[in-house]
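Chemist: In order, the protein sequences belong to chains A and B. Position in the first sequence (from 1) plus 11 gives the number in our numbering. Position in the second sequence (from 1) plus 13 gives the number in our numbering.
Since the hints were derived computationally from the structure, they do not count as laboratory data. Keep in mind it's a predicted model, so treat the numbers as computed, not measured. It cannot be assumed that every hint is accurate.
[As the list claims (entries may be wrong)] Result set (DSS-like, lysine-lysine): computed pairs, CA atoms no more than 27 Å apart in a straight line:
#1 B/K49 - A/K306
#2 B/K49 - B/K151
#3 B/K119 - A/K306
[Claimed, not checked] Every beta carbon over 12 Å from chain B, so not counted as near; a handful from chain A, in silico:
#4 F132
#5 L277
#6 I291
Ideal placement from N, C-alpha and C gives every residue a C-beta, glycine not left out.
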Amino acid sequence: MNIYLPIAEMSMNIFNLIGLGGIVGFLSGLLGVSGGFLLTPSLILMGIPSSIAVASQSANVIATSTTGSMTHIKKNNVDYKMAFIVLFGGIIGSSVGVWVFTILNESSQLDLTVKILYMIFLTVIGLLMFWELGIAKIRKFKKIVVLKKLHKHNFMHRLPLRTKFKKSRLYISSLFPMIIGMVVGFLSALMGIGGGFIMVPAMIYLLGMHTSVVVGTTLFQGIFVSINATFWQASINHTVDFLLAFILIIGGVVGARIGSSVSSKLPADRLRIILASIVIFVSIALFVDLIMPPKEIYSIVSPKGAW
Amino acid sequence: MKIFVKIKLIFLLTILSFNVQASRHKKDFIEIHSHKLNIPVSIGFTGNTINIYGTTNIDGNIVVIIKGKNIKYRVNKQIKKKIFWVNKQITEIKNIPSIYMISTNKYVSYDRLNNFNFGLNSISPIIDNDKLSKDEKKEIWNKVKELKQTKGNYHFKINHNNLKDINSLFKATFNLPPNIKIGEYDIYAFVIKKNGDISDITQQKIFINRKGIIDFIYNKARYYPNLYGLIVVLLSLLIGLVSGYRKN
């Protein structure tokens, strides 16, 4: 059964879209990862134009971040002061990101940029996942216990605008979280992601935040960054296909519910290996797509969309 | 539903037959009726088939053409930079129809059609790029034609069985692709007589319109982008809240 996407101006099989949203939702429910980094490249590989895939995925991120952050708000796992400072940078970054997106789209370079960015990030994520799994296995095998330091003092502590973050038990410059927010916001707008896979390690390893508040804080600020990106994408580029986003959200919600309900029954380690393999596979697929000679050298684009 | 379509077809053919009767006194005539004047692009749209019914008392080659409005396109060329294939925008091409489909009942050469200002050879695309030579411009236009044919936007059915004629009645069938642009389309029909002249050209318009949720989303996104952005944000938030509430 096909469905006509009004902004993409193309017909797609609805079950493929629900299935894709469902699989990514299932993985996120199962492993607690946001699947945005898999969803956008998969949509592109399915033939949806990058501009539509990225912008529509931003709307999807609003829904998933809201759902995710509600649990953390309830458990009081959000550092609001940190979230608002990161958000300040995120708003600037995502606004600049939408502007760059527009320039790249008009010069027909968006597709290439998005694919290259995803290829790089997915390769890094996939390899890091394998690395982490390998290290954990070795430690488990050798029975090594690692005692973590709270955090190291580094250049951030010498920067101006130092602020106390009671919830995170930090006394650091506000500039650094703001810069992290800016970078992640920029990539969110350009890649249609929540940015958790960059923000979470940055908060843990660079800022030294306690892991219990990192996910909640990231998801909370992610709601507003994706709201900003979605609004500007819709307003400036007219590339948000809500019907596409809605189908993905529905598939994602159902998939996430199934994933979280079976998560305790399945072996987490093996699932993480599967996820890491999928991530590497998508990255390779994008790489092949970029290096293989195209079937047709020429292409035509109507400035107002459609043919 | 099929019964309604059949009744509609019988009705159309009856009208055409009456026209035949009424026009017997006329010297030469050709008339057409589309079985659909408005084609809705709704949520399940995957393209559409349109039948043009017609009648004529002229002996010769019947030609039916569907033509979309002239629009402009950006032409990109993939070039290899190091290991990656990169898009390069080479020019804009203007004044070319979004759709151009021809159906005839007997063979007619493109040059012949061109003589009557019809056919793809009669289109004069405008390529405003001084850096391109005449040959390069010609190559680009040929590539664009090829691409449009691949996507089902340009179609020739010369001497094809999609145009059937029985006595004075004829039917031409066109498959409109799923990527068709919204708007007004012109249908032309004429007969190339045995002596090489053409009959009067009869013309009809059909309209491709968005319907229902497709129309709502498209119009809001194009013409009220701020409002649309706000609606998308609020609905996404609402879905997230409902889903999170149920989860908790």
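Chemist: Checked against the structure, which of the hints given earlier come out wrong?
Modeler: 1, 2, 3
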